[in-house]
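The two chains are supplied separately, each in an independent frame; assemble them into the complex guided by the hints.
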Amino acid sequence: MATQSIDGPKRGSLLSDQRTRAIVFQALAFFLVAVFFIYIGTNTARNLEALGISTGFGFLDSPAGYDVAMSLIPYTATDTHGRVFFVGLLNTLSVAVTGIIAATILGVILGVLRLSKNWLVSKLVYWYVEVVRNVPLLLQILFWYGVLLGLPRVRDAIPVFETMFLSNRGFYLPRPVPGDGIGLIIIAFFVAVIAIPIIARAARKRQEQTGQIFPVFWTSAALIIGLPALAAIVTGFPLTFDYPEKGGFNFKGGMVLRPEFVALWFSLSIYTAGFIAEIVRAGIQAVSHGQTEAAFSLGLKPNWTMRMIVLPQALRVIVPPLTSQYLNLTKNSSLAIAIGYPDLVSTFGGTSLNQTGQAIEIIMMTMLVYLTISLLISMLMNYYNKRIALVER
Amino acid sequence: MKLGKFLFAAAAVTALSTGASAGTLDDVKAKGFVQCGVTTGLAGFGAPNDQGEWAGFDVDFCRAMAAAIFGDAAQVKYTPTTSKERFTALQSGEIDVLARNTTWTFSRDVNLGFEFVGVNYYDGQGFMVRKSLGVTSAKELDGASVCIQTGTTTELNLADYFRTNGMSYESVVIETSAEGRGVYEEERCDVYTTDASGLAAQRSTMADPSEHIILPEIISKEPLGPLVRHGDNQWGDIARWTLGAMIVAEELGVTSANAEEMASTSKNPEILRLLGGEGDMGAQLGLPADWAKNIIMQVGNYGESFERNLGTTTPLALERGLNALWTDGGILYAPPMR
Ligand SMILES: N[C@@H](CCC(=O)N[C@@H](CS)C(=O)NCC(=O)O)C(=O)O
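Sequences listed follow chains A and B, in order. When the letters of the first sequence are read in order and numbered with this note's numbering, they come out as residues 1 to 393. When the letters of the second sequence are read in order and numbered with this note's numbering, they come out as residues 394 to 731.
To be clear, the hints were calculated from the coordinates, so they are not data collected in a lab. Accuracy of the hints is not assured; some may be wrong.
Said to hold, decoys possible - Interface residues of chain A toward chain B, partial, derived using beta-carbon atoms under 10 Å: (1) Gly52; (2) Ile53; (3) Phe249.
Glycine residues also receive a C-beta, built at the ideal position from the N, C-alpha and C atoms.
This is chain B alone, in the form it adopts within the complex (with noise of 0.2 Å):
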């Protein structure tokens, strides 16, 4: 079963008759619509809401995009994918950009032929276990079982950090973030591990979020971000600066509430550049000269995003930490817009 959809993905990157260096951006416009790879299912960064609705910080990228392209952020369909299932539905082009929580690694972005766009949440690998057990620290974990999510970083991180540290594990494999819950709650291991992020999101779901706590290491970098295919340098610049342009406009000021106002009636030339009042960026990234206004307008600046789907309000409640803008004690940071 598995199998058969990697051999269809194996087929259809076989038969892609032009590979990546079509125009990715020609073809959106002509479907109307951006094909966007998401989890299968992770509060807060991508999750169907209770409208049935895809909602989360990953999935406003992807409306992002389709603001950014069609002046129309519902214009996207998403496409569900584990971890494992990712990498092959982003190369054989079956979605045209994959947002889901993925980290940014040499091998991704050389050896399978893709290409990273930013960094949208900078994250590292955390644990987390019942406070039941009475565990306070990763380093008394020896022996333990440990449930972690296949085809992921943290699959190498994990195996390196017991390594180490001279202990021992089993690992019990799971798919999907939901079966991982399931197995966990279950208590068929002692230890959950993924992206600190990931475990908020997790625990946000479990059935009391109270019983479980996440230990203080974090044992890796994972910085975490949008990617597109190598090779379609148009496509990837459209994404760069999606996420740019939302990130810039929260350094200036600029949110979903004042966009409309500061388009007309700001002096500052750099917030005239993003929202299209002065210069010709839009056209000269194939988009309309509203492109970032539109993103703003219709998805919110990053900040907006941030507080919406994980932000100290929601059930994830995740502080900004390194997430915060640089000028307020983050790393985050976006190349100039000019």
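Chain A extracted, bound-state conformation (with noise of 0.2 Å):
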């Protein structure tokens, strides 16, 4: 009867088992976004082709033919396109990662500086944060990109120690020149930056001994500014400073921090600092109240307390969503194009592209970049991530 054809197909039919109706399903969305790629792939060939663009990548062994204004690499016109690619790309990791860290310390200030028992002093992080999260960041970086430019123009540039210079046109610091024996300066450096580590570890085991607490960290600012200075003495200060001078146009000489830099880096730390400040007071939050009177109650001192009870738990909370800020401030230093700052996206997926017109391999090149530093930077976090999670036993 009606109760009957509800029933549905008869047992034993190969639809009814979950197992292959599972596998038969999936195969067969495979099998469509297969197509739907394929389909999208020879279409796009046919129109290219059919407008008459042409398509590869030999573009990229081509001379570029314009000049790019920042670059950690030598470059001149005569590179090719290829080369403008790593240009951008380094331009691009040089605020991103500079603006990581200075995003971070900020942020890490400001989330605790949000819990001080002083009501202005928390008032005042609580409106800073309200400001630069609801401010969209492109006005931001207008905003202090028309602040540099507003500074004095080159010919009434402000010394400050005689040395360096503040206009409009960036800020013209002496540039170091090494030497002879600047190498041992660097080893004397990275012996220090080695030997830290495991005289942390020294003293932590030195402690749970003996219950003896050692200075690590003024051992280790000691070492990380004593021996390179040593080895300078040593050495003879084999490091002398190119200072910029006043010549025709600009400075010359020396080294600069261009505005658009600067506007960009500032703007993006800032920006970025103010969601890391509430990550960071809403993991302190996160650890329950009880930790802390419990340690208070077996005499550890407040800043202690913070250190060793309060910070390693509230890190568990922090670090995820710290992870997603970092890779946002990656993708919005993208942002750059707006005030002109050779980035990734505007030399090579900007210039470049309008000049050779190879959009989509060009377009793809540069997704595939962003997806690769998000997916580094992701991994590495995840990697801090699992060594202070909770260790559950």
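And the structure:
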């Protein structure tokens, strides 16, 4: 009767078996997706051909023909688009890395201050966070760029300690010129860098065994400054400086932090710091107050309580959202284009794209770069997160 | 954000199922207007006027096409494009024609898949500096900061010029002419470089135009003209002969004031062919017989458009120079209408 027909296919049919059904559907989905991509691919190729647009990656070897204002590797207009790719990539990375460092330091400080018992301090941070998080980043970048362009003109540049100059074309600084023996100083620095974790570990062991505390922080600071300084004295200070001097239209010599870089770096840092501050605050508050009370009742000093009880637990809450802030900052750096900072998107993804017309190839490469950077950051943070995660026994 | 725009354009190129070979004219007739790519705002060439309507020398070309197709120069919609976006906009079909002081170069013609339909302004790249710098020649610009619009031929010429002359410079890259004006006026750069006509346009909108001079050196050839996508020859022909009709009209002395009258009284067969009294040029283009007459009556001939937008009575105060008719010592020359 009626019930019979609802029963559906009889038992034993292939489709009624859940496992086969799942496999069939997945294969079907995979097939459809593949067909879709093949269709898109061939269609694109056909259209590009119909429009007479050439394709391929040959353009990477042809000369770019244009200059880039800032480059960490030697670059001239006769170099190739392939090299522009690296120039742009390094510029993106430099603003992203310096931005992440600054945003983290500022964000952590602000996050802790937000919890301050001082009403004024806590309110000030509150307003900072509200303002920077709610004003679109692009506007902030344009604002700070405008502020920097409002600095004095080159000919009226403000001297700082007679050796540095501040103008709306940038901050001109002495450029260090390494002489003979600079290698020793670098080696000394790295020796200090390697020695510090070893000392820290030994100190922890000693403390665990004997209860005596070793001043790790001060020792580290002394090492990292002292060793290179010692090396410098031994080699007779093999470092000279090339000072910027007024010459012609601009300053000659020295090095310069351009307003485009500073505006972008600064805006990215203070914007992301607003988010990080909130993450840090939330992380600290997530640690139950009982933990602090317990620590106090054991007689731990407040700043030790913070360092040894609260922070390690808070970090577990902080790190995952922090990762996405780092990713955001990196991706937001592509707003560089608005003020002409030569990052990957504005050089390779912009000018090169425009000059060669290879939109699809270039956009694909650019997207791959951002994807790779994002995955790398995620991997590093996941690794770190695993290390600090609660080890359940 | 910009990435998104490019992505969109790339996706649009991808999704265009029939590409440029579809009848653009039919599409345009069906939607009832010409979608014309123009600048984001460059005085004299393409910028909204006091009434908020687009006006300018390049805008006139868009209007002329609309007049030819619809008999109404107002049937145009404008898409402002930066120098960087303009090509993607045309490739993807977002616009039907690009009239935006674009230099005709080999790679744009061949590699990007476009068809330049002619030259409406013969130009060359120049330099503008503040008078107070005391510079009189581009050869004195060693070490200067130069403002330059990205995605232009200008960018490439500049690099070549400084390299050839053994000079160095710092490039300050800008995206639109409005941004460039701001940055230049803040003295972030000493020099502004672009097409000489563009410099005149930019200078005319500076706070005090008399504070700036354009240096004598012209470092490149910049034949500026309208362009369409490769592959739709009918549409290309319409664009080519819209420009041709405006130039021929000037040669023949046909103006917006006398076109109506000449159409009925003229004895000159070339004028009659142009104005639709003789032959079937309009039909051959797929347009009404009075297509060119409509252009001339509503937009004017080449000379009228030039004087109205760029000429000596405008703030740009540009001489005809190279753009005078070949009979007047210039190189402006349209193929015969026959
Ligand atoms: N003719 C050059 C330059 C064209 C160009 O972009 N010129 C600038 C200044 S003359 C412009 O039109 N700017 C208007 C805008 O930014 O929208 C080319 O085709 O590459």
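Here is what the structure says about each hint:
The beta carbon of A:Gly52 is positioned within 10 Å of a beta carbon in chain B (closest approach about 4 Å), and the interface hint is therefore held. Proximity of A:Ile53 to chain B holds as hinted, the smallest CB-CB distance being about 4 Å (cut-off 10 Å). Given hint, A:Phe249 at the interface with chain B, holds; its Cβ is 4 Å from that chain's nearest Cβ, closer than 10 Å.
Hint violations for this structure: none, all hints satisfied.
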